[in-house]
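All chains, please: the whole structure from these sequences, using the hints.
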Amino acid sequence: MNLPNKLTMFRIFLVIPLIICFSLFIWSSNNNFSEVNTKSNSQYFLYASGFIFVISMISDFFDGYLARKNNQITSFGKLFDPLADKIITTTSLIFLSIFNYTYLILVLIFIIRDLIVDGSRNIAAYQRIKIEASIYGKLKTIFQSIAIPLVIFLSPLINKNNWWEVFLINIPMICATLMSIISGVFYFKQIIPFINNK
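Under my numbering, residues 1 to 198 are what the sequence shown spells out, in order.
Hints were generated in silico from the structure; no laboratory data involved. Among the clues, some could well be false.
[Unchecked claim] Using 30 Å as the maximum straight-line C-alpha spacing, the simulated DSS-like pairs for lysine-lysine come out as follows: (1) 69 with 86; (2) 86 with 160; (3) 78 with 138; (4) 6 with 130; (5) 6 with 138; (6) 86 with 130; (7) 69 with 138; (8) 6 with 69; (9) 130 with 189; (10) 86 with 189; (11) 138 with 86; (12) 86 with 6; (13) 130 with 78; (14) 78 with 189; (15) 6 with 78; (16) 130 with 69; (17) 138 with 189.
Put into structure tokens, the structure is as follows:
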């Protein structure tokens, strides 16, 4: 297994400590560990989740960079690289929506979009059709990679009962959602003619 594929596997395994840290944040918050200190122990678990996510995104960058540079693009990488990203990002988004640090509707849009895009890719692969990548898909990934750690690290500093504070830290997430919708439409429009031909 080459280095890019090892980085992909590393990213998949990172979801385990990510879930643990998010879960410990929920557990410690519910057990009122924060009563003594506003910068509570529970927040450290949240920050740890943020650092795990950042490490995951850094490994994703080097994964793709090394695969292209060393001509090490493999079938394993094509399948599991995007899967690793989806596992990490979707897990983070679900937990953030549970905390009410981001909006559930945005999370649902991301998930539905990914299902549509993955379905389009499967149809394209079955019919041996190449679907061109969209700049909006790349922008979605960039905005999402910025938005998730931003929400994680800023959420302890806001009052989540004030809608405008939650809205402000979610502006990059909203931008990522818009890019997600546009790129999803882009992929689906390319595959529609081949669906109609069946």
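Okay, the hints, checked on the actual structure:
At most 30 Å may separate the alpha-carbon atoms for a hinted pair to count; residue 69 and residue 86 meet this at roughly 24 Å. For the suggested pair residue 86 and residue 160, the alpha carbons sit about 26 Å apart, so the restraint of at most 30 Å is met. Taken as a hint, the residue 78 and residue 138 pair is honoured in the structure, with Cα atoms around 16 Å apart against an allowance of 30 Å. With a C-alpha separation of about 27 Å, the suggested pair residue 6 and residue 130 falls inside the 30 Å cut-off, and the hint holds.
Restraint check for residue 6 and residue 138: satisfied, since their Cα atoms lie roughly 23 Å apart, inside the 30 Å limit. Simply put, residue 86 and residue 130 have alpha-carbon atoms about 21 Å apart, close enough for the 30 Å limit, and the pair holds. Restraint check for residue 69 and residue 138: the C-alpha separation of about 19 Å stays at or below 30 Å, so the hint holds. The suggested pairing of residue 6 with residue 69 holds, with an alpha-carbon distance near 16 Å, which does not exceed 30 Å.
A threshold of 30 Å between alpha carbons decides the hint, and for residue 130 with residue 189 the separation of about 13 Å falls inside it, so the pair holds. In summary, the hint linking residue 86 to residue 189 is supported, as the alpha carbons are separated by about 22 Å, within the 30 Å threshold. About 14 Å separates the Cα atoms of residue 138 and residue 86, which keeps this hinted pair within 30 Å; it holds. The straight-line distance between the Cα atoms of residue 86 and residue 6 is roughly 17 Å, inside the 30 Å bound, and the hint therefore holds.
About 14 Å separates the Cα atoms of residue 130 and residue 78, which keeps this hinted pair within 30 Å; it holds. For a cut-off of 30 Å, the pair hint linking residue 78 to residue 189 stands: about 22 Å separates their Cα positions. Among the hinted pairs, residue 6 with residue 78 is consistent with the structure: their alpha-carbon atoms are about 13 Å apart, no more than 30 Å. Proximity of residue 130 to residue 69 is assessed by CA-CA distance (about 22 Å); at most 30 Å being required, the pair is judged to hold.
With a C-alpha separation of about 18 Å, the suggested pairing of residue 138 with residue 189 holds against the 30 Å cut-off.
Consistency with the previously given hints is maintained throughout, with no hint failing.
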